[in-house]
Structures are given as structure tokens and as C-alpha cells.
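4 protein chains.
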Amino acid sequence: MSDKDFVDTTIRVRYAETDTMGIVHHSNYIVYFEEGRSDFGRATGHPVTELERAGYFLAVTEVNVRYMRPAVYDQIITLRTRLTGVQSRGLSFAYEIRDAENGDLLVTGSTKHICITRDGKAARLPEAWRDWSLD
Amino acid sequence: MSDKDFVDTTIRVRYAETDTMGIVHHSNYIVYFEEGRSDFGRATGHPVTELERAGYFLAVTEVNVRYMRPAVYDQIITLRTRLTGVQSRGLSFAYEIRDAENGDLLVTGSTKHICITRDGKAARLPEAWRDWSLD
Amino acid sequence: MSDKDFVDTTIRVRYAETDTMGIVHHSNYIVYFEEGRSDFGRATGHPVTELERAGYFLAVTEVNVRYMRPAVYDQIITLRTRLTGVQSRGLSFAYEIRDAENGDLLVTGSTKHICITRDGKAARLPEAWRDWSLD
Amino acid sequence: MSDKDFVDTTIRVRYAETDTMGIVHHSNYIVYFEEGRSDFGRATGHPVTELERAGYFLAVTEVNVRYMRPAVYDQIITLRTRLTGVQSRGLSFAYEIRDAENGDLLVTGSTKHICITRDGKAARLPEAWRDWSLD
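Protein chains in written order, with our numbering: chain A, 1 to 135; chain B, 1 to 135; chain C, 1 to 135; chain D, 1 to 135.
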């Protein structure tokens with residue numbers, strides 16, 4: 001597979017994302033993961049905006065996160081997003097967040113998603129979304 | 001006027017709402033204000049959920065906040081929400097946030113809103129929303 | 001064990017917690033879990049504020065969430081927080097979020113935590129925090 | 001004055017920043033403003049991280065926002081941050097947010113800040129922070 005097997009997103013930590021411990025609040029990595037998926041979709045010709053215009057949404061059914069090292073305000077981090085599974089009705093992704101400068105591994109995670117219609121019913125992914133020849 | 005001239009909401013500060021300074025991040029008071037409006041609507045028979053089911057939204061057009069004293073994690077605060085203006089197409093509110101225990105004034109603010117339809121067009125408030133005999 | 005085996009927290013969904021799909025953004029359940037832990041600590045005589053005053057923090061090392069049904073603005077939900085493990089240097093919790101009215105299961109999850117000092121070093125939990133005779 | 005009179009920040013709207021109305025929740029512009037200040041400080045040699053390492057914080061005392069047009073998920077916006085006042089103990093900023101493509105004005109705002117020490121006492125700004133020859 002090509003380099004489109006994964007997509008890297010660079011993020012600078014916002015002040016509002018930190019908490020009293022002086023580090024990024026752990027819930028914000030879930031938001032970073034989502035932006036990684038957005039970038040992955042854009043980079044591979046599957047923008048989420050297009051899916052939603054067609055009347056479909058990718059609902060999150062599972063999130064798992066491991067926290068190794070904290071990130072702090074102003075730190076630049078690199079999020080690597082990888083598509084790990086494609087089913088007729090869903091997708092799976094895996095994530096790695098590293099310090100952009102020294103490469104230290106900060107956080108890893110994975111998410112699962114199912115395709116739903118606006119009224120919340122599970123649906124088959126549109127044809128274009130089941131075809132991810134990532135090269 | 002009766003005690004329905006204003007509505008008080010009790011909020012306990014969440015850990016995620018704090019930042020590296022060890023205090024509530026200033027953007028969160030805007031979220032508290034919104035919950036104050038929600039409570040005001042419920043307490044006076046004008047729930048926002050009902051307005052939205054009828055196809056209308058109260059879009060925010062203006063927010064002003066003054067910060068006097070910071071709140072910290074676990075602190076219990078009282079938000080007083082007051083309706084300060086009713087126009088055919090909009091509403092205005094004012095807010096005071098105090099420490100629930102000693103009454104110290106922490107934050108004051110005001111917001112303005114216009115009624116819009118789902119497609120974003122300005123609209124007259126539904127009849128029931130122009131009538132706020134607050135007693 | 002007694003009813004202190006778990007602690008229930010009632011939460012009303014805030015407007016700001018929803019997203020374009022019209023449901024609670026999935027990252028917010030992580031914030032709810034944290035408030036469940038806060039409540040659990042208060043209800044069992046182990047307030048987080050006290051731990052932090054003693055110079056210790058409970059850093060999150062792992063979060064797992066399963067999403068079954070979405071919650072929407074204004075919905076009242078019940079979060080059940082259960083302590084599932086106590087080690088010399090850490091704690092584990094499990095969570096269930098249900099619709100407060102009909103009891104439908106919306107979200108389940110678990111988290112793991114280690115005790116650290118302000119400079120981020122792992123530490124033994126203070127004595128009082130290793131003793132959770134939950135009755 | 002030179003082009004350092006203001007600093008432009010490009011932001012892509014995150015999914016988590018939207019709400020049930022399908023637009024950016026109004027509280028998030030306050031977070032964007034803060035990132036504008038961060039960028040302004042970095043671009044003019046006054047990074048916030050350096051100020052905080054010296055033991056000072058810029059506490060927010062006032063926020064004012066006017067909302068003209070909504071932004072939506074995935075939209076690219078340009079935030080222009082301008083320093084509008086320097087006092088011995090504080091700073092003032094003004095902001096304009098526009099659609100990055102067509103230049104439509106979406107949101108304007110202003111903030112005021114005072115310099116405080118870690119224990120919350122008002123303090124004179126460090127010398128370097130009172131000198132903003134912006135050229």
C-alpha cells in the first residue's frame with residue numbers, strides 16, 4: 001500500500017484544552033482523533049462533508065485510548081490516523097499521537113463507526129465509502 | 001413582578017472546565033449562560049426544545065462578559081438569569097454568577113438573540129414567545 | 001457491599017455538548033465519567049480536591065467507551081460510577097449511562113488511573129485512598 | 001505601523017465545535033480569539049509560554065462578541081488579531097473572523113486582560129511585555 005495507508009495531522013495544543021493539572025484534558029484527544037479522521041477522509045477523497053450531504057453520518061460506536069505522556073499548552077503534536085477496517089456498514093480507525101519534535105509517543109487509540117441515516121437507522125456505507133484502495 | 005423575573009441555576013464546576021491557570025476557562029461561562037437561558041425557559045413555560053420542535057432557533061447575536069473573580073474546580077456557583085428585553089424578532093438576557101456560599105460576585109454578562117428558521121432566515125418569534133408575563 | 005458500591009449522578013445534557021448530528025458529541029461522555037468519579041469521591045469521603053491539596057493527582061491512563069444509543073439536548077441521564085479496582089498506585093472505574101426516565105442503556109465505559117505528583121512522577125496512593133471499605 | 005500591527009490565524013472548524021443548529025457553537029469563538037492572541041504573541045516575540053514561565057498570567061477581564069454569520073464544520077476561517085491597548089498592568093485586543101475564501105465577515109470581538117501572578121494578584125506587566133513596537 002502507498003503512503004495513503006495513513007494520514008498525518010499536525011496540531012498545536014490550545015490553552016483551552018488544558019486543565020488544572022497543566023496538561024491537555026484527556027477528553028480532547030477524542031476531538032483530535034476526530035480531526036484525524038476528517039483529514040484522512042479529505043486526503044483520500046472521502047470528505048465527511050460529502051457523506052453528510054448524501055444523508056449519511058458516521059456514528060461512533062467505540063473509543064479506546066491509552067495515555068502514555070501528557071501534552072501541554074503550545075506543544076506541537078503529530079496525529080497519525082490509519083484506517084484499520086472496512087465493513088459494509090462501518091469503519092475502524094487507529095491513532096498514534098507523538099510529540100512533533102522528538103517523536104515521543106504520547107497517546108494511542110482506536111475508534112469504530114457505523115453508517116447511519118439522519119433518523120439514526122443503521123445503513124450500508126455508500127459505494128464510494130466501501131472502496132478505499134489506498135494508493 | 002414575581003420571582004419569575006429571574007431564574008437561579010446552581011452549577012458545580014467540572015474539572016474539564018478548568019485550564020492551566022487552575023481556574024475555569026473563561027469560555028465556559030458562555031456555556032453556563034446558555035444553561036441559565038435553558039432553565040429560564042423551562043421555569044417560565046418556554047422550553048427551548050419546544051421552540052426548536054416548532055422549527056425555530058434562538059441564534060446568539062451578541063455576548064458580553066465581565067470577569068471579576070475566578071471560579072475553581074468543585075466550586076458551587078449560582079447563576080442568575082434575567083430576561084431584559086423582548087422584541088418581535090429577538091430576546092435579551094442578563095446574567096450574574098456568584099459563589100453559592102458567600103455570595104461573592106464572580107462574573108456578569110449579557111446576550112442578545114434573534115429568532116431564525118432552520119435555514120437561517122430571521123423570523124418573528126412565535127406568539128407564545130413574545131408573551132412573558134413573568135408572574 | 002453496601003449501596004456505596006456505586007454512586008449515581010444525574011446530568012442534564014447541555015446545548016453546547018451537542019453537535020451537527022443533533023446528539024451529544026461522543027467526547028463529552030468522557031467529561032461525564034470524570035464528574036461521576038468526582039461524585040464517587042465526594043460520596044465516599046475521598047474528594048479529589050483533598051487529594052490535590054495533598055499534592056497528588058489521579059492521571060488518566062486508559063479510557064474505553066461503548067456507545068449504544070445517543071443522548072440529545074435537554075435529556076436527563078443517570079451516570080452510575082463503580083470503583084472496580086484499587087492498586088497501591090492506581091484506581092479503576094466502570095460507568096453506565098442510562099436515560100433517567102426509561103432506563104435505556106446509552107453508554108458504558110471504563111477508565112484507569114495512576115497516582116502522580118505535581119511533577120508527573122508515579123506515586124503510591126495516600127493511605128486514605130487505598131482504603132475504600134464501601135459501606 | 002508594519003504588518004505586525006495584526007496577525008492572521010487560519011482555522012478549520014472542527015466537528016466537535018458545532019452544535020444541534022449545525023453551526024459553530026458561539027462559545028468556541030472565544031477559544032479561537034485566545035488562539036489568535038497566542039499567535040500574535042508568538043509572531044511578535046511575546047510568547048505566552050515565556051510569560052507564564054516568568055510567573056505571570058494574562059487573566060481575561062472582559063470579552064465582547066458580535067455574531068454576524070455562522071461558520072459550519074470544515075469551513076476555513078481567518079482570524080485577524082490586533083493589539084489595541086497596552087497599559088502598565090494590562091492589554092486589549094480586537095478580533096475579526098472572516099470566511100477564508102470569500103472574505104465574508106462572520107464574527108467580531110474584543111477582549112481585555114490584566115497581568116496577574118500565580119496567586120492571583122494584579123501585577124505590572126514585565127518590561128518586555130509593555131514594549132510592542134510593532135514594526
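For the record, the hints were derived by calculation from the structure and aren't laboratory data. One thing to keep in mind: the hints can contain errors.
Lysine to any residue pairs mimicking SDA-like chemistry, simulated, CA-CA at most 25 Å apart [said to hold, decoys possible]:
1. D:K121 with D:R69
2. A:K112 with A:E96
3. C:K112 with B:D104
4. D:K112 with B:D104
5. D:K112 with D:G22
6. D:K112 with B:E52
7. C:K112 with A:K121
8. A:K112 with A:Y73
9. A:K112 with D:E52
10. B:K121 with C:Y73
11. B:K112 with D:H46
12. A:K112 with C:V86
13. D:K112 with D:A59
14. C:K121 with C:D104
15. A:K112 with A:D8
16. D:K121 with D:R89
17. D:K112 with A:R98
18. B:K121 with B:Y73
19. D:K121 with D:R14
20. A:K121 with B:G103
21. B:K112 with D:P47
22. A:K112 with D:K112
23. B:K121 with D:L105
24. C:K112 with A:D99
25. B:K112 with B:N64
26. C:K121 with D:A94
27. C:K112 with C:L83
28. A:K112 with C:W132
29. B:K121 with D:G22
30. B:K121 with D:R69
31. D:K121 with D:G22
32. C:K112 with C:Y73
33. B:K112 with B:Y73
34. C:K112 with C:I11
35. A:K112 with C:V48
36. A:K112 with C:S88
37. B:K112 with B:R69
38. C:K121 with D:R14
39. A:K112 with A:L51
40. D:K121 with C:R118
Status of the hints after comparison with the structure:
no. : hint               : verdict
1   : D:K121 with D:R69  : 38 Å, violated
2   : A:K112 with A:E96  : 15 Å, holds
3   : C:K112 with B:D104 : 37 Å, violated
4   : D:K112 with B:D104 : 21 Å, holds
5   : D:K112 with D:G22  : 30 Å, violated
6   : D:K112 with B:E52  : 35 Å, violated
7   : C:K112 with A:K121 : 33 Å, violated
8   : A:K112 with A:Y73  : 29 Å, violated
9   : A:K112 with D:E52  : 39 Å, violated
10  : B:K121 with C:Y73  : 22 Å, holds
11  : B:K112 with D:H46  : 35 Å, violated
12  : A:K112 with C:V86  : 29 Å, violated
13  : D:K112 with D:A59  : 8 Å, holds
14  : C:K121 with C:D104 : 41 Å, violated
15  : A:K112 with A:D8   : 19 Å, holds
16  : D:K121 with D:R89  : 11 Å, holds
17  : D:K112 with A:R98  : 35 Å, violated
18  : B:K121 with B:Y73  : 40 Å, violated
19  : D:K121 with D:R14  : 36 Å, violated
20  : A:K121 with B:G103 : 49 Å, violated
21  : B:K112 with D:P47  : 34 Å, violated
22  : A:K112 with D:K112 : 43 Å, violated
23  : B:K121 with D:L105 : 17 Å, holds
24  : C:K112 with A:D99  : 23 Å, holds
25  : B:K112 with B:N64  : 9 Å, holds
26  : C:K121 with D:A94  : 41 Å, violated
27  : C:K112 with C:L83  : 10 Å, holds
28  : A:K112 with C:W132 : 35 Å, violated
29  : B:K121 with D:G22  : 14 Å, holds
30  : B:K121 with D:R69  : 11 Å, holds
31  : D:K121 with D:G22  : 41 Å, violated
32  : C:K112 with C:Y73  : 29 Å, violated
33  : B:K112 with B:Y73  : 29 Å, violated
34  : C:K112 with C:I11  : 22 Å, holds
35  : A:K112 with C:V48  : 32 Å, violated
36  : A:K112 with C:S88  : 33 Å, violated
37  : B:K112 with B:R69  : 24 Å, holds
38  : C:K121 with D:R14  : 33 Å, violated
39  : A:K112 with A:L51  : 17 Å, holds
40  : D:K121 with C:R118 : 22 Å, holds
When the structure is compared with the earlier hints, violations turn up for hints 1, 3, 5, 6, 7, 8, 9, 11, 12, 14, 17, 18, 19, 20, 21, 22, 26, 28, 31, 32, 33, 35, 36 and 38 and for no others.
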